[in-house]
Every structure is written in C-alpha cells, then in structure tokens.
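For the record, the sequence lines run as chains A and B.
With the numbering used here as the guide, the letters of the first sequence map in order to residues 1 to 165.
With the numbering used here as the guide, the letters of the second sequence map in order to residues 1001 to 1102.
Just so you know, these hints were derived from the structure itself, not from any lab.
Do not take every clue at face value.
[Said to hold, decoys possible] Label-pair restraints from in silico Cβ distances:
1) A:Ser-145 to B:Phe-1089: 15 to 21 Å
2) B:Asp-1059 to A:Leu-75: 37 to 43 Å
3) B:Gly-1056 to A:Arg-111: 18 to 24 Å
4) B:Gly-1056 to A:Val-147: 22 to 28 Å
5) A:Val-146 to B:Ile-1081: 16 to 22 Å
6) A:Gly-154 to B:His-1006: 37 to 43 Å
Backbone N, C-alpha and C fix where the C-beta goes; we use that ideal spot for every residue, glycine too.
Residues per chain are reported as follows:
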Amino acid sequence: MIYAILFYLIAGLTVLSALGVAFTRNVFHSAMCLMGTLLGASGLYVFLAADFVAVVQLLVYVGGILVLTIFAIMLTHQIAEVQVSNRSVGRLPALALVVLIGIAMGVALFRAPWHVEPLAAAAPTTYHIGDAFLNQWLLPFELASVVLLTALVGAIVLSRKELRA
Amino acid sequence: MEIGLHHYLVVSLVVFLAGVFTVLTRRNAIGVLMGIELILNSANINYIAFSRYGGGGYDGQVFSVFVIMLAAAEAAIGLAIVLGIYRQFETIDVEATDTLRG
C-alpha cells in the first residue's frame, strides 16, 4: 500500500514537472521543472530495482547536464520569452499533433500483448552491468569513450573565441 | 492496485509527449534542447521498465546508460553551439538564425 502511494507521488512529480517544462513561459522555470522530471525519473529507476542507473541519472543529469543548461541560460540573457509559440508551428497545431500522437501511442500501449515475466527479487545491479560492459558490450563501450572524447574536443573548439593572427 | 508495466509506460508516454510539445513550440534554442532531454528520459524509463518486467536481464539498463552518455555529449555540443549562435547573432531565437534561407 505504502509502495503504491510512493509510486504515485513520484510518478506525479515526474509527469507534472514534465508538463511544467512544456508549458511555462520562462526558460529558467522550465529548467527548474526539468530538475523535477529528472529527479522523478531517478526515483522511478529505484522502483524498478535499477540502483546503478538511478545514481548515474542523478550524477550525470542533475549534477552535469542541468547545471550546464542553467549556465547557458544565465549566459544568454533572453530568459523570459514574450512570445512562446514558434511561427512555423503554432501552439494549437502543436497541441493537436501531440494529442494525435498520444492517442495513437496510448492505444498501441494498451492493446499490445507485452511479454511480462514474474518479477525477480531486487538485487544489486552494479556488478552485472560492469560485467556486461566489459564482455558483451565491449565494442559499444569503447566507441562511447571515443564519442565522449570527440564531443569534449568539439565543445572546446566551438565555444572558444576565434584567434586571428 | 498492483503497480505494473503499464503504469511506467503511461508515465513515459506523458513525458515523451511533453518533450515533443516543447521541441515544437519553443523559440528559445535552450528550450528545444530541454525538450530533447525529456524525450531521451522517457525512452530511458521504457528501457528500464521493460528490462525489469520482461525478464531480459541487464541489457535494458546497459542501454539506458549508453543513452545517458549520449545525452551528456549532446548537451555539451548543443550548448556550445547555442553559445556560438548567441555570440554571432546576439539572440538564441531559433527563428532569427535564418541566414541560409534562400
């Protein structure tokens, strides 16, 4: 019972703050709502017995990406948007499109015969994930390191001042 | 009522739709990037829910770690590009940057 109440609290936090990201006018408020979504998703991972991913989510998203986003918002002063809607896609057409996609995906979600197995007992996952990374997923893992290095160098090149001799 | 797979899928669906709406309606480039983060998060919730309920072992969690990693790379590059645009155009409105429009 307490499990269900906790789940609904965390799911509600996730969903409401996701809607907040979509509907607030101020970009800084959007970033704060994004933090709610990220924290809620981390809580959902705990419910799904994925302890390692939950902590990675906190470290990378809340500690890294969100701080970076807020830095970028502070560095570019246009925080409050007077006019939110895009000229190419207005708010109402976008809402209609999203509702259509939502109906289609919702129908698919409830009709599909998902393959569900009885739940295994929750166990620590870090050992198994590390094992999978260095055995089965070794090549993607190494590629990921290359991608991160490239992104690092690329971000430095893109954001430094041009030096003209 | 028992919490099942569908609960997580519905949460992830709503987060995904909010992300799509954000990407479609924002004129601020940072707002668009935040919408993309929402979409990636909803995919992650699905991965982990299926990995928990489908009995697929740890592959779903491994994939979600890859997604988080790529999201970090995307955020770093995307925000660097946004700052470059700001330096060039003095704005980050995605509709002001139409120099290449014919």
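Evaluated hints:
Against the hinted window of 15 to 21 Å, the Cβ-Cβ separation of Ser-145 of chain A and Phe-1089 of chain B comes to about 34 Å, which falls outside the hint. Separation of Asp-1059 of chain B from Leu-75 of chain A is about 39 Å and conforms to the stated range, judged on CB atoms against 37 to 43 Å. A hinted range of 18 to 24 Å holds for the C-beta pair Gly-1056 of chain B and Arg-111 of chain A, which are about 21 Å apart. Remark: the range hint 22 to 28 Å for Gly-1056 of chain B to Val-147 of chain A is upheld by a beta-carbon distance near 25 Å.
The beta-carbon spacing between Val-146 of chain A and Ile-1081 of chain B, approximately 20 Å, falls within the hinted interval of 16 to 22 Å. Between Gly-154 of chain A and His-1006 of chain B the CB atoms are about 40 Å apart, so this pair conforms to the stated range of 37 to 43 Å.
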